[in-house]
Amino acid sequence: MQMLWSCKGGVLQYLIMGFIWKAVSGQIHYSIPEEMQKGSFVGNIAKELGMDGKHLSDRELRILTRSGMVQYFALNYNSGHLQTSERIDREEICGQSVKCILNFQVIVESKRKLYSVEVEITDINDNAPHFPPEEQELKINEISTEGSRFPLPEAQDPDLGINSIKSYQLTGSDHFSLEVQMGENGARHAELVLAKYLDREQQSVYELILTATDGGDPVRSGTAQIQVIVLDTNDNAPIFMQPVYEVSTEENIPKGSTVCIVRATDLDEGINGEVKYSFRKNTKKDSQMFFLNSTSGTITLMGNLDFEVSSSYEFEVQAEDIGGLFDRAKVEIIVTDLNDNAPELTVTFLTNSIYENSPGGTVIAILNAEDQDSGINGEITCSVPRNVPFTLKKSLNNFYNLITTGDLDREQVSDYNITVTVTDHGTPSLSAATVIALHILDTNDNPPLFEESGYTFYFAENNHRGALIFYLKANDLDWADNSRIIYSIIGGQMSDSLLSSYLSINSETGAVYALQSLDYEDFHEIQFQVKAQDGGSPPLSSNVSVTLFILDQNDNTPEILYPSPPTDGSTGVELASRSSEPGYMVTKVVAVDADSGQNAWLSYQLIKATEPGLFTVGLHTGEIRTARFFLEKDALKQSLVVLVKDNGQPPLSASVTVTVVLADSIPESLSDLSSISAPVQSQSSLTFYLVVAVAFVSCLFFTFLLVLLALRLRSWKKSQLFESGSVHFNGVPVSQFVGIDGVRAFLQSYCQEVSLTAGSRKSHFTPSKREYSSTLTNQQTSEVKDLILSDEDLNSGDQIRIQVS
32 MQMLWSCKGG VLQYLIMGFI WKAVSGQIHY SIPEEMQKGS FVGNIAKELG
82 MDGKHLSDRE LRILTRSGMV QYFALNYNSG HLQTSERIDR EEICGQSVKC
132 ILNFQVIVES KRKLYSVEVE ITDINDNAPH FPPEEQELKI NEISTEGSRF
182 PLPEAQDPDL GINSIKSYQL TGSDHFSLEV QMGENGARHA ELVLAKYLDR
232 EQQSVYELIL TATDGGDPVR SGTAQIQVIV LDTNDNAPIF MQPVYEVSTE
282 ENIPKGSTVC IVRATDLDEG INGEVKYSFR KNTKKDSQMF FLNSTSGTIT
332 LMGNLDFEVS SSYEFEVQAE DIGGLFDRAK VEIIVTDLND NAPELTVTFL
382 TNSIYENSPG GTVIAILNAE DQDSGINGEI TCSVPRNVPF TLKKSLNNFY
432 NLITTGDLDR EQVSDYNITV TVTDHGTPSL SAATVIALHI LDTNDNPPLF
482 EESGYTFYFA ENNHRGALIF YLKANDLDWA DNSRIIYSII GGQMSDSLLS
532 SYLSINSETG AVYALQSLDY EDFHEIQFQV KAQDGGSPPL SSNVSVTLFI
582 LDQNDNTPEI LYPSPPTDGS TGVELASRSS EPGYMVTKVV AVDADSGQNA
632 WLSYQLIKAT EPGLFTVGLH TGEIRTARFF LEKDALKQSL VVLVKDNGQP
682 PLSASVTVTV VLADSIPESL SDLSSISAPV QSQSSLTFYL VVAVAFVSCL
732 FFTFLLVLLA LRLRSWKKSQ LFESGSVHFN GVPVSQFVGI DGVRAFLQSY
782 CQEVSLTAGS RKSHFTPSKR EYSSTLTNQQ TSEVKDLILS DEDLNSGDQI
832 RIQVS
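Going by our numbering, the first residue of the sequence shown is number 32, and it counts up by one from there.
Rather than coming from a laboratory, the hints here were simulated on the basis of the structure. Be careful, since some hints might not be right.
[As the list claims (entries may be wrong)] Estimated spans, in silico, between C-beta atoms of each pair: (1) G287 to E173: 39 to 45 Å; (2) K504 to Q547: 21 to 27 Å; (3) Q443 to G566: 19 to 25 Å; (4) S528 to S684: 38 to 44 Å; (5) N109 to T331: 52 to 58 Å; (6) V728 to S528: 55 to 61 Å.
[To be verified] Okay, derived cross-link-like pairs now, DSS-like style, lysine-lysine, Cα gap no bigger than 30 Å in a straight line: (7) K197 to K312; (8) K315 to K170; (9) K227 to K307; (10) K286 to K315; (11) K227 to K312; (12) K85 to K142; (13) K170 to K307; (14) K307 to K361; (15) K85 to K144; (16) K78 to K144; (17) K170 to K361; (18) K130 to K316; (19) K562 to K504; (20) K144 to K69; (21) K425 to K142; (22) K197 to K227; (23) K85 to K69; (24) K78 to K130; (25) K425 to K78; (26) K78 to K424; (27) K130 to K312; (28) K639 to K664; (29) K286 to K316; (30) K316 to K197; (31) K69 to K316; (32) K361 to K130; (33) K170 to K312; (34) K315 to K69.
Beta carbons are placed, not taken as given, at the ideal position from N, Cα and C, and that holds for glycine.
Turn these sequences into a full structure, and let the hints steer you where they fit.
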């Protein structure tokens, strides 16, 4: 055995160095002898593939394996060498095939490329010729003539070529010689040749030794003991009806079925005519598959035929009579294929996810499709549904690449379940399918989009700081960070700094807030843009125009432009001729309102007048006109209080006091103005009035106490005078004491009309029937003062009527 292994080692080294080659078709070929030890070097496959053989990983290079198949080779990831992983017996794998080739595939995952590798297993002389273990018995009739030939058992040697049987040698008797014939297939058949006549009476049994020798190095041999029994005369041998029996049968016939019946006839009679059938040159596999009835010649099936295991069986049957005469015939059983194997689909490489912007032709999976049937039953078709953007492309033998054929859009379809179906062409056809789940990864290919192309919002003025004005919402069809939107305000009709002082936007929610109170009177609308930007890389964005209209509120009171506002407490004075007819426009109140719309619609109303019914005010014009002719009894000065009110809710108003002086002519009007006194009421604040009122009440109280005390004192003095009788008031008028009794006069209010006559200085007081309250402004009062007549004018003799309150 050591000698055998040493020889094998030399042959191995020679074969490894001499038969490694690589085909230009992308197929890698190696040749190694059988029976190499586990871990033996086969080839430097990493170098063949142009890879660095040091420190490889199964993620870079690996052998594709199929379930149920023995893996005879493995990769050494430290050296990049292909090594044997199991003992390889060529005879066990390939039997008597001339060439024994093992095919497998390797995949370079970084390149996503497959390479086909074939390793040819060469024969070595590891099997010695051997005969059937039992002793062979040969019966020869004694009347056999010289030169008669008798078949000898053939030795079996699983080796091929020079390692198979080369010669036979016969020893044991000089009555027999050996002749070796070459068959059609190159096999050697040994026959026993009768060299001398036999005489059963002299010797009935001969013990011979047949030796078979092969041509290997070292030479191996095997022997068989042959016992030759000399029989009595039997001069007719059995003859088969046909030399070759060809039978065709389907692979699915059940056990026990009759496959073939062989027939041989013997012209002898009796026991010499009885024929026995037996297998000749039958392998162990054939003997386990078929049974030959030795009497009837019926061949029945004992195993299961499988076209994929063996498509044909060939063996010899022998018909032998009792006298040892025989004949042989060949039996050929052809197994017809049925479509009994469904195609097999194996995923050898798979990517579970790709980006939606992956280019067309991106490899998703590599699949291997095979069918163990043959012919049309083994022809297969791989397909995927038409409604998916994927297709199958054949790459190598029965390997297919599943690739993309078009643009992917995660927003339309985010996950695919791709059904890959393989179908054979048999009848009925069989198929297999596998589902490949593919997740489409998002890329930032969709900008945020607002629901509308532009927005218009309305918001009332005088809002609180931080008040929510409106919401904006943009949608992004992308996923995760690519769809996270940030809002910002950009550009507008006003500068960015001014805009940012009024408005603020929540970058996450799109809510716009007012940073301060908005005033319609400052600006009616704000135009700006809102930008929505996603969180992708690079980010995408879109803008939308927003118009914010400020709604007016009634927050401004009417402003009276004419008569102008008072400045010094005086009132404005308008002149009117006493001869004016009804409808004569005396003056016009002009007012404006800073608000807009109905909040700025003004109406005028006369709320107070010296002579009710004498003047009218236009509701919408503010024109003050006479309502009737002036009468002599009408007062010289007419005070009119006009209320200006807007149409807001609630309405706001302002009032103005207009003083109209009646006169026949302008000089007369100037002299009449001297009768106008300054108003008693001042436009002081409420606090001033309260202080004055408190002071007045306090003074009145103290005055009352003093008067009461004085009265008590006076009463006491009178009583003293009357008692003494020394004091008399004779000749003194009683009116001299009116000042004491008239203290009560200070507690009452009088309105008197005073008439002054120039020159005489005579005063005449008459009570007035009316009381007036002056509403003239400071400015109007000053105007009146400027128009008061001098002393010289008073001496002119004109009469001036002055009303004093």
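Q | Pair hint outcome, K639 versus K664 [Cα-Cα no greater than 30 Å] | A | At roughly 19 Å apart (the allowed maximum being 30 Å), K664 and K639 satisfy the hint.
Q: Below or equal to 30 Å on CA atoms is what counts here, so check K286 against K315.
A: At roughly 18 Å apart (the allowed maximum being 30 Å), K315 and K286 satisfy the hint.
Q: Quickly compare the C-alpha distance for K316 and K197 to 30 Å and report which way the hint goes.
A: Holds, at about 24 Å.
Q) Is the straight-line distance between the alpha-carbon of K227 and that of K312 30 Å or less? A) holds (29 Å)
Q: Could you grab the alpha-carbon distance between K425 and K78 and see if it respects the 30 Å cut-off?
A: holds (26 Å)
Q. Does the alpha-carbon distance linking K562 and K504 stay inside the 30 Å limit?
A. Cα-Cα ~11 Å, so holds.
Q) Does K316 lie within 30 Å of K286 when you go C-alpha to C-alpha? A) holds (16 Å)
Q | Satisfaction of hint between K312 and K170, Cα-Cα up to 30 Å | A | Cα-Cα ~19 Å, so holds.
Q: Assess, step by step, whether the Cα of K170 is no farther than 30 Å from the Cα of K361, and give holds or violated.
A: Roughly 23 Å separates the two Cα atoms, so the pair holds.
Q) Has the given pair, K425 with K142, been kept, meaning a C-alpha gap of at most 30 Å? A) Given pair K425, K142 holds - Cα atoms ~16 Å apart, limit 30 Å.
Q: Would you check the hint for K85 and K69, treating anything up to 30 Å between C-alpha atoms as holding?
A: Satisfied, since the Cα-Cα distance of roughly 21 Å is no more than 30 Å.
(Q) Run the distance test for K69 versus K316: straight-line Cα separation, threshold 30 Å. (A) holds (28 Å)
When the structure is compared with the earlier hints, no violation turns up for any of them.
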